[in-house]
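Sequence lines, in order, name chains B and Y. The opening position of the first sequence corresponds to residue 22 in the numbering used here, with each subsequent residue numbered one higher. The opening position of the second sequence corresponds to residue 6 in the numbering used here, with each subsequent residue numbered one higher.
Keep in mind the hints are simulated off the structure, nothing from the lab. Hints may contain errors.
[Unchecked claim] Stretches of chain B that chain Y covers, calculated by requiring three or more beta carbons in the stretch to come under 8 Å of a beta carbon on chain Y: (1) 65-71; (2) 80-88.
[What the hints assert, rightly or not] Some chain B residues well away from chain Y (every beta-carbon gap over 12 Å; in silico): (3) Val25; (4) Pro29; (5) His33; (6) Ser48; (7) His55; (8) Asn74; (9) Gln102; (10) Lys132.
[Claimed, not checked] So the derived label-pair ranges between C-beta atoms look like this: (11) Y/Ser27 - B/Leu23: 27 to 37 Å; (12) Y/Asn82 - B/Lys78: 17 to 27 Å; (13) B/Lys90 - Y/Gln46: 41 to 51 Å.
Where is the CB? At the ideal position from N, CA and C, for every residue including glycine.
What follows is the residue order along each chain.
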Amino acid sequence: ILNVEQSPQSLHVQEGDSTNFTCSFPSSNFYALHWYRWETAKSPEALFVMTLNGDEKKKGRISATLNTKEGYSYLYIKGSQPEDSATYLCAFRSDSNYQLIWGAGTKLIIKP
Amino acid sequence: KAGVTQTPRYLIKTRGQQVTLSCSPISGHRSVSWYQQTPGQGLQFLFEYFSETQRNKGNFPGRFSGRQFSNSRSEMNVSTLELGDSALYLCASSPAGGGSYNEQFFGPGTRLTVL
Chain B
22 ILNVEQSPQS LHVQEGDSTN FTCSFPSSNF YALHWYRWET AKSPEALFVM TLNGDEKKKG
82 RISATLNTKE GYSYLYIKGS QPEDSATYLC AFRSDSNYQL IWGAGTKLII KP
Chain Y
6 KAGVTQTPRY LIKTRGQQVT LSCSPISGHR SVSWYQQTPG QGLQFLFEYF SETQRNKGNF
66 PGRFSGRQFS NSRSEMNVST LELGDSALYL CASSPAGGGS YNEQFFGPGT RLTVL
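Sequences are here, hints too, so could you generate the full structure?
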């Protein structure tokens with residue numbers, strides 16, 4: 022059974038501070054790693070799709086890195102703002118059945 | 006372009022009943038996936054449809070079924086409801102199926118409560 026783990030489960034960060042969290046996934050049969058942001062009362066929205074070992078993606082103050090050989094991805098948020106408060110989900114897609122396997126998410130709360 | 010829509014948004018049923026949820030994908034999207042989300046759990050994959058064919062199925066009992074129509078709209082059916090089926094059911098559409106790198110676009114979800 023493929024397992025995707027995210028840590029920490031939740032995180033309280035002071036406004037203006039930078040933070041990061043981890044997604045761990047199987048290191049074999051890698052096809053793609055997705056990051057999504059899910060704000061309360063909204064639908065999950067895609068942040069990044071990462072496909073190659075060593076990939077780095079950036080969108081504004083948010084960036085992500087990928088290590089497929091060891092099976093982890095980091096999401097970084099620089100200078101956290103209240104609007105960054107959300108649950109951040111990662112999802113692993115293997116090349117065996119292409120099904121997305123989701124982590125349970127990291128809930129980020131930004132304290133003003 | 007209109008987003009993914011799901012109906013109904015909220016539903017209350019009793020044990021033993023059956024329920025049908027509907028999802029209309031973004032225009033031009035041919036893949037629809039269904040997920041169940043319960044507190045403390047990640048999104049649990051139910052199934053994916055592409056061009057009216059089920060391409061992938063998660064580990065859910067046979068009480069959970071789905072279908073996709075020629076206009077890509079999809080329905081999900083749960084028969085003989087159990088208390089544990091209470092959850093948020095999300096559908097997501099993408100232009101192509103699981104073998105692509107496409108991101109998924111999610112609907113607002115249907116909140117199902119089973120009493």
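Okay, the hints, checked on the actual structure:
1. 65-71: n = 4 at 8 Å, threshold three: holds.
2. 80-88: violated (count 0)
3. Val25: Contrary to the label, B/Val25 does not stay out of reach of chain Y, its closest Cβ about 7 Å off (not over 12 Å).
4. Pro29: Given a closest Cβ separation of 14 Å, the condition holds.
5. His33: Correct as stated: the minimum Cβ-Cβ distance to chain Y is 18 Å, above 12 Å.
6. Ser48: 19 Å, holds
7. His55: 7 Å, violated
8. Asn74: Nearest chain Y Cβ is 15 Å from B/Asn74, so the label holds.
9. Gln102: At roughly 23 Å from the nearest Cβ of chain Y, B/Gln102 sits farther out than 12 Å, so the non-interface label holds.
10. Lys132: 23 Å, holds
11. Y/Ser27 - B/Leu23: 27 to 37 Å: 30 Å, holds
12. Y/Asn82 - B/Lys78: 17 to 27 Å: Because 38 Å falls outside the window, the suggested range is violated.
13. B/Lys90 - Y/Gln46: 41 to 51 Å: 29 Å, violated
The structure fails hints 2, 3, 7, 12 and 13 (numbered hints given earlier, in ascending order).
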